[in-house]
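A.B. asks: Here is how the chains run, residue by residue.
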Amino acid sequence: MDILFLLIPLSVVLAFVIGAVFWMAIDGGQFDDLDGPAVAVVADDDSTAR
Amino acid sequence: MESHASVGPAAAGRAQDCFHCGLPVPAGTAFAFEAGGDTRAFCCAGCEAVARSIAGLGLEDYYRLRKSQAATASAAQADDLHAFDAPAVRTHFVRELSPASAEADLLLDGLRCAACAWLVEKTLARVAGVTSARVNYATRRANVRFDPRLALPSALLGAVRRVGYAAWPYEEGRLELIEARERRTLLRRLWVAGLAMMQVMMYAVPAYLARDGEITADIAALMRWAGLLLTLPVIAYSAAPFLRGAWRDLRLKRPGMDVPIALGLGVAFIASAWSTVAGKGDVYFDSVTMFVFLLLGGRYLELLARTRAGQSLQHLARLVPRSAHRLRQAEGLEHDTVPVALLTPDDRVLVKPGETVPADGELETAEGTFAEAWLTGESRPVVRGRGELVMGGCINAGSACVMRVTRVGPDTALSSISRSMERALAERPAWVAAADAASTFFVTTILAAAAASALAWLAIDAGRALAIGVAVLIVTCPCALALATPVALTVAAGAMARRNVVMTRGRAIEALATATDFVFDKTGTLTRGEPQLLETIVLGSRHRGECRALAAAIAHGTSHPLDRALAGAAPDVRLPPVHSHRSEPGRGVEARLGASTLRLGRADFVAGLHHKTAPIAWLGSHDTIVWLGDERGWIAVFRLGDSVRPGAVEALAELRAQGARIHLLSGDEPRVAARVAAGLGIEQVRARATPEAKREYVRELQARGARVAMVGDGINDAPVLGQADISVAMGGGADLAQLRADAVLLSDSLEDFVRATAIARRARRVVRQNLAWALAYNLVAVPLAVAGLVTPLVAGIGMSASSLVVVANAMRLRH
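Chains as they are written, first to last, in my numbering: chain A, 1 to 50; chain B, 1001 to 1815.
Keep in mind the hints are simulated off the structure, nothing from the lab.
Please note that a few of the clues may not be correct.
Unchecked claim - Derived CB-CB ranges, DEER-like:
#1 A1456(B) <-> W23(A): 43 to 49 Å
#2 A1452(B) <-> D2(A): 43 to 49 Å
#3 W23(A) <-> A1772(B): 23 to 29 Å
#4 V21(A) <-> A1210(B): 29 to 35 Å
#5 A1808(B) <-> V21(A): 30 to 36 Å
#6 A1693(B) <-> D32(A): 45 to 51 Å
#7 V21(A) <-> A1456(B): 20 to 26 Å
#8 L14(A) <-> S1098(B): 36 to 42 Å
#9 D27(A) <-> A1456(B): 44 to 50 Å
Claimed, not checked - One side only, chain A facing chain B, incomplete, derived with CB under 7 Å:
#10 I8
#11 A15
#12 I26
#13 F31
These numbers were taken from a predicted model, which means no experiment stands behind them.
Here a beta-carbon is modelled for each residue, glycine too, at the ideal position from N, C-alpha and C.
Sequences and hints are given; from them, build the entire structure.
C.D. replies: Written out as structure tokens, the structure reads:
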């Protein structure tokens, strides 16, 4: 069970890291438009890459 | 899609629809080109040009991806955009990032689906000098970064216009900036709370499940510290709005919903932190984080619904155009396109056919025809002579004219009407105060109950007093009660938006559900607001259809509303090849067919060709009479007038079935109002009502206990829209009225409105069920918590479950 002394602090650090990643994603505007990108992905196939 | 419903039946038997916009291709036109082995036909030169541009850019995928038809492109987009390159103008919307890089926001009009956003994005990205272009479909805005030495703003705007969308420089309003920031901040708070909630639960669950001694003391302590560490940001950051709100309420001595929330959170957190440091006692970090997460989740959903409703209205706010054609010299028609904000009194501007007058001014051209529907509610265009006043916001229904600006911006008639409307709105009864008083009472009761039970338990079992006090605070937490109404209203608002009714205020739904009297404004709400061909009388030897085709051919291509009605009356016949149109404002149109000259318009104008007296006299008719003749004599006469909207009869019948009374208030002649009312079976009619009289009428109804829903379409209705319990503006109406109304009907269909009313009534039932449930839950849960049978975590779960029931019940409104 000693491993828990490492794992629990690690989980706290990990939670903070994930939080920071989401923070940056929100600031980068990734959640501003939730409709457009769905089509952008489909549209960017090679038939248009001329 | 809805907008095409009106052409549906007529288009059914037609051979071809426009490849670009889906409207029927008029017979005898030849707008087409070959691509990919097919011939593509178009309804007009505008659509053809746009489709050619799209094909030329290699962006034809657009046609494959789109889910709805494009807007019909207008051919008249050759505006002079270079004015937007002038330094004084571009500082309004271009931000210089460095000498080699600048950023501009464009507002886009005509985006119908996400494929449009894609098309605009690709188009912008291909303009030389553009480094990146992003289109936000949700906000209808494009953000472009470009090298200002290589690309000019006019090139960006022009590129978008060439593929068929209207693009305008976008100056971000302060309000929108604040809204966007609010949204991001709330999202961040939600994420922090959600993440912490999940992780803290990981540390809490073992402690609940383990039997005594299964977790060693040091591991338990470690998990508590981990929980404390993760809860800190939740309290300090995520819960900040509640804590601040509670602090503000306490300072104002008016406790609202935030107070018990903040108190519950604060007490639970401080007690848990103390337990953690001291190494004994219970911790409630899991309850705290989950509680904050659920609260924020509700707020975020509410914000989303609110902004979505706001955005759909935002770009309707363009009654006054953003650009005007300012003449350079006293002579000639050379002009610059400048933003309206730069106009000053004594500037001379050119107003092209179909354009909106940019400011109040005096007409300099001998004669002009203007649609003043927003001002007077009068659907027929009026003729103004030289020197007469023309109001900003009117639409030029005749040929191009020149006017001298006399008043701009806040001095215009448009602005003063919108100010008087604001006053009317300010007079509205304050619901807010009543709601606040109720919540203050509820909150005070909760606080008293929590304090009382904590004190009582202090005497019985001091160790449990804190836990029980917190449990009472949380279990009674007004969540279910607070959610009961907003969730149902938000879901209902979404369902109504799918029926093309957009709520601009949350309480509008409540008011719509309880409305007992529906007051309609005749012009544009019950009628089409646009003249229709009512009668054709043949005066010569030609067939009736031939006469109509002739008139339609002469009318074709002119922008006069009466001409539109004639063109609409003969939609699928082959038009005779008339040519060389000459339009005389206010009098009529002259055209040539082969060797003969034809005239369409007022009797005296047509009589000018053959000098014969009119064979029929129409005395006292309110309808518009249009004559057609050639050199030899009269050919036909057409009677045009407003007709009742399709579906209006059924819609009103359904409203009556819902138990509502229907009134008609009209600024029109009594005879016209009576005719419309008789056609629709409306008994309460008041004609020739001024805006002030309309308002008085509504006030009388309210004094008799009625709850009045007002359906209007023009700005002149604004005072009465403000007086009514709920105001609904029709989609075809003036834009400003829509911004001030509680609800906007975006389609032309009254049936949509009636269906939305039914949804509102169902929403009201759901709200009642929810409130009953929340009340029952509190009645059961509070005694249990006071009795010490509920731990803070169970209280939290009970609270969430009760909220979920409320939300699930509200979700039924979606169908």
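A.B. asks: Could you work out which of the previously given hints the structure breaks and list their numbers from low to high?
C.D. replies: Violated: hints 3, 7.
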